[in-house]
Amino acid sequence: EAAVTQSPRNKVAVTGGKVTLSCNQTNNHNNMYWYRQDTGHGLRLIHYSYGAGSTEKGDIPDGYKASRPSQENFSLILELATPSQTSVYFCASGDGWGDEQYFGPGTRLTVL
Amino acid sequence: QQKVQQSPESLIVPEGAMTSLNCTFSDSASQYFAWYRQHSGKAPKALMSIFSNGEKEEGRFTIHLNKASLHFSLHIRDSQPSDSALYLCAVRGTGSNRLTFGKGTKFSLIP
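So the protein sequences, as listed, match chains A and B.
For the first sequence, my numbering gives the first residue as 1, with consecutive numbering after it.
For the second sequence, my numbering gives the first residue as 113, with consecutive numbering after it.
Just so you know, the hints here were simulated from the structure itself, not pulled from any lab data.
Computed from a prediction, not measured in an experiment: that's the story for all the values here.
Note that CB positions come from ideal geometry on N, CA and C, so glycine has one too.
You can take every hint at face value.
Estimated spans, in silico, between C-beta atoms of each pair:
{"no.": "1", "chain 1": "B", "residue 1": "E170", "chain 2": "A", "residue 2": "N73", "range": "29 to 35 angstroms"}
{"no.": "2", "chain 1": "A", "residue 1": "D62", "chain 2": "B", "residue 2": "G207", "range": "22 to 28 angstroms"}
{"no.": "3", "chain 1": "B", "residue 1": "N178", "chain 2": "A", "residue 2": "E79", "range": "41 to 47 angstroms"}
{"no.": "4", "chain 1": "B", "residue 1": "N134", "chain 2": "A", "residue 2": "I60", "range": "20 to 26 angstroms"}
{"no.": "5", "chain 1": "A", "residue 1": "D62", "chain 2": "B", "residue 2": "E121", "range": "23 to 29 angstroms"}
{"no.": "6", "chain 1": "B", "residue 1": "P126", "chain 2": "A", "residue 2": "E79", "range": "46 to 52 angstroms"}
{"no.": "7", "chain 1": "B", "residue 1": "I162", "chain 2": "A", "residue 2": "D62", "range": "32 to 38 angstroms"}
{"no.": "8", "chain 1": "B", "residue 1": "P126", "chain 2": "A", "residue 2": "T82", "range": "40 to 46 angstroms"}
{"no.": "9", "chain 1": "B", "residue 1": "N134", "chain 2": "A", "residue 2": "D99", "range": "22 to 28 angstroms"}
{"no.": "10", "chain 1": "A", "residue 1": "D38", "chain 2": "B", "residue 2": "K157", "range": "15 to 21 angstroms"}
{"no.": "11", "chain 1": "A", "residue 1": "S84", "chain 2": "B", "residue 2": "Q192", "range": "35 to 41 angstroms"}
Based on the sequences and whatever the hints tell you, model everything.
Shown next, in the form of structure tokens:
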């Protein structure tokens, strides 16, 4: 089974601070995704990547940047964190067109 | 942009019951339809998927797709306590390898 890990698992940040969420997958999947999950909104796509060096905007990219330095790693960066970015963030990986996505355990981010 | 909607928002049933969860989508050319299950505090995990019109059964779960009606569903029979979770439907549109998720149906068993 695909293995996706995220770090940190929990994070408290201050408004205006920089936050980096990291994701690692060990199954050589080409595609990686960052979602946030909020009550009443389901899973919403922030950024995704087709492979090392590529990033694409999802449905709610404002206030977020992404970086894919290697096949295994995909980061989500909040340059100036705001309280509205308090949420649970999930990373996922997958291969091919519409194939199953494998999710990491999630990061709970609180911005005060 | 693909619109995906789920109903009902929540569902409470007795153990052993049969039930259905629904999902509608807006892109008639969508090509992949899936249900994910998320237990409380855990990551979503794929439950089952379908690519073409019809039904697919895996154990107590059946997925049914009707593209013409822009609708697919998940049927659960003989509900068990382990089925209590948030169920998310997901759709892949044409020419894309990204999924659009619904907001979820919270499924619980009567204690």
